[in-house]
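**Q** Chains A and B are the protein sequences, given in the same order.
The first sequence begins at 0 in numbering that gives the first Met the number 0 and counts up by one.
The second sequence begins at 0 in numbering that gives the first Met the number 0 and counts up by one.
Source of the hints: derived by calculation from the structure; they are not laboratory data.
Note that the Cβ used here is the ideal one computed from N, Cα and C, for glycine as well.
Each hint should be verified, as a subset may be incorrect.
[Said to hold, decoys possible] Stretch by stretch, here's where chain A covers chain B in the computed footprint (C-beta under 8 Å, at least three residues):
1. 22-28
2. 244-258
[Stated by the list, open to error] Within a straight-line C-alpha distance of at most 27 Å, the following computed BS3-like cross-link-like pairs (lysine-lysine) qualify:
3. K88/A with K62/A
4. K174/A with K27/A
5. K115/B with K4/B
6. K257/B with K14/A
7. K27/A with K63/A
8. K12/A with K4/B
9. K256/B with K67/A
10. K256/B with K62/A
11. K14/A with K63/A
12. K73/B with K126/A
13. K120/A with K162/B
14. K122/A with K88/A
15. K73/B with K14/A
16. K4/B with K162/B
17. K162/B with K9/A
18. K25/A with K4/B
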Amino acid sequence: MIEFAEVYKKYGKKKAIHSMSFALEKGKIYGLVGPNGSGKSTTLKLIAGLAYPSEGNVTVNGKKPDRKTAGTVAYLTELDTLYPSFTPKDLISFYDTQFSDFDQTRAYELLSFMSLEKDIKIKHLSKGSRGRLKLVVALARDAEYLLLDEPFSGLDPMVRESIVKGLLTFIDFEKQTLLIATHEIAEIEALLDEVLVLQNGELIAHEEVEALREEKGLSIIEWMKVIFQSSAKRNEI
Amino acid sequence: MTAFKGLLIKEAKLMRIWFIWGILLSIAVAAAGYSISQYVNDMIVFEVLVFMILSAHAFYLPIYLLLSLNVEAKTQLWLHNPNSGYQLFFSKFLIGFVFMMVSIIIAFIIAIWATKSDIGIYFFAKDQLPMFILTGVSLSIIVYSFYLGIWTFFYWTLYHSLKLYGWNSGLRWGILICLWAVLFYIETLINELPIYQSLWELGAIDMTSLKTLNYELSKQSFSAELTANPFISLTEIALYLILLMAVVIFSIWMLEKKVEV
């Protein structure tokens, strides 16, 4: 289980995360949504052990995350910065040596599924191909937790569709917990079990997607509009 | 394949382009010096440049580590890794060290070739053996680069660890500079302590027979002599080794627990 208890994260005077508390259970797919700068990437970095809270506690399976948390958490960064001089084959070989849960056979299946060639240097790949390659190495792991930071950012609809298909085909929904941070909700709405909405570093809502649809008759986007409108009214008052 | 071997291969692939550019730069500077010397009909330019290339290797490891670490800070791939900080650091350090050795051997061969030519008299007195002196100089440069490399790693990890407190880059740079000044001051104070002097003398070895690197610019009508300290202290070397080990251990602890990217 991943837990946040009254977590604050500051960068200089700016509060990136403000009084955030939630718990994520195993075997579910979560969406972390909100506008740019709402704290989505920072939240994922705090879970991955790439950043540390200024106040409060973050735990992954009861332990405070640090660099070694990478053993149980697979993290796909939002940054478009794979090693440019590597080929996809080099990258897969490297990951295979670093992560005991990395499945090289699955990685090559994913590579083929994503229509990527293994011997072209990464610097010669298109942005869409690099985006898919990041997903290949993340999904080829049997990690308990999978964190995807803006996996659709800057990608065309065809690539987005292939990424969603990749998620559906290669994730073990029994064992793995998936947390996707994005502000492009339409692509993932059908996948999600629960959604967490962030605004200005605060968690302003946390709902089950099924309950939203059945009880409130709203899609996530419609629900978010309602939330943000009421949040704006509160701020005016 | 082990995780460490994977890290070594990754590091070599990641940095080989810088390594090749470094060697090409050395050769280009030496060739330019040789051409200028031929043009002005005075080989001192060539000799000075070759000696500068060799000396510049003192900064090879620190520059190498900064380039490599900054790539890793951007990609975040290096830090998101469950293997120990020692493996992460030593894979970088080892490849950097191998690259430096290859580069310095090339510079050394050029320097020996320069001194074998008839212009070698500028650098070395007739009774001195260029190979012997250049070997000593190169070894000193390697040791110094090793020392600077470890401190570079320490300051890099500290800089990125200070992000934890939300301080901006200007403030973090300020802290690093202040810390450097404080450590330098403490080192000076320790060097002046009577107990340190006693310890220093306890392990002192007379190296008079290896002394002097003469640098004579006779054609310019003056001469200068750089005379190395004829004594070295084994105690001092042991203390510096202990200090470097402590710096490495502390830096890796920061890498494991504090560094943010």
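**Q** Of all the hints given earlier, name the ones this structure violates by number, lowest first.
**A** Violated: hints 1, 3, 5, 8, 13, 16 and 18.
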